[in-house]
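Engineer: These are the residues of each chain, in order.
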Amino acid sequence: ETGVTQTPRHLVMGMTNKKSLKCEQHLGHNAMYWYKQSAKKPLELMFVYNFKEQTENNSVPSRFSPECPNSSHLFLHLHTLQPEDSALYLCASSPIYKQGKTQYFGPGTRLLVL
Amino acid sequence: QKEVEQNSGPLSVPEGAIASLNCTYSDRGSQSFFWYRQYSGKSPELIMSIYSNGDKEDGRFTAQLNKASQYVSLLIRDSQPSDSATYLCAVEDGNNRLAFGKGNQVVVIP
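For the protein sequence lines, the chains are U and C, in the order given. So for the first sequence, the numbering used here puts the first residue at 203; every next one is plus one. So for the second sequence, the numbering used here puts the first residue at 3; every next one is plus one.
Chain C with its partners taken away, still in its complex shape (with noise of 0.2 Å):
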């Protein structure tokens, strides 16, 4: 069973801060890794993918990706009240098939 884990509850962080989001997985085999932004009652919306160790960024997006350790995060700088969301970690085995985690609950608090 491939198993994508993001363990940590609710993530509160005053505007302006950085939000880091943590996300491991158990196929060594995985290709590729996506970080999906949802908001409550819409579908998810990707917003950053990385294929290769290091760190890949985007705007305010960090997303850094350790295949030894298996191992991808997400870092939000500059956070926003319109980042308040769940952050889902998705990752991809080569064959088209996407393992999501349950998702991380961020809340930007002005």
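The shape of chain U in the complex, shown without the other chains (with noise of 0.2 Å):
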């Protein structure tokens, strides 16, 4: 337990359905990220929030549209997604002003789109 939680874990949806998924940190962190990981490519970066205020958008289509509302709890709400967006979606939070930031992942929720 990393102390990152994400719900649920497990998604199937259609390209017409909506759905949001969930991250919460327990760590005290006040850095929170999105990351999509596709099979055989590098972790992507989709969002950052600092003290929930958003500072990176990665390029990320419209059809994502992510959520902080504090520091503990991140979302990500799914509209009109593709084939190609299935992949594994990351939560992670990091402190922002100590050395390395390290970061720290939740589990996952595996989404597949039909």
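If a hint is listed, it holds; no wrong ones were tucked in.
If you want the footprint, here are the derived chain C segments under chain U, 3+ residues with CB under 8 Å:
(1) 46 to 60
(2) 103 to 109
Each computed DSBU-like pair below joins lysine-lysine, with the alpha-carbon atoms no more than 30 Å apart:
(3) Lys44/C to Lys238/U
(4) Lys242/U to Lys220/U
(5) Lys44/C to Lys224/U
Worth flagging that the hints you see were computed from the coordinates, not collected in a lab. Cβ coordinates follow ideal geometry from the N, Cα and C atoms, glycine included.
Fit chain to chain and form the complex, with the hints in mind.
Structural biologist: Right, dumping it as structure tokens:
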């Protein structure tokens, strides 16, 4: 257990569905992240939030919409996804002002888009 | 584009041997360096961090950093079957952004 939880752990959705992924961290960190991990590709950073303010949107399509209501919670709202969006979606958190700002990952949500 | 390269293919090592993994990075401004272990179907788990040139040892793991050569490595001594996993090199740019390599798969053969 890293102190970062994600729900659901598995999700199957059609291209017309709307769903949300949830992440919660219990580490007192102030930065949270969404990553996408596809087969045979490096981890791709999607969004970064520092003190619940978005500081990075790594050219992510608008069908992915993040929300960070506070420093402990992060959501990723999904709508009209494509089959190529099927992947493992990982949430991470880190402190901001410590050296290294080590990121700790949640268990991930395995998403399948049909 | 900040790149992190892990070019070696799958690495098979006998149990008890040393596994050696290499990583190079393109951004000279990189501040911090990490190795994560990822078991199949699981999320990445931090195993080592290193911030200054030289070696850092933690149990059976040793990380080595050479900023002049933009090179970081990981040695796993006395490899165990439980070390079979994919190892991800990650480099932080000083602004909370981690760039990851594609990973190296390690298979420890009993």
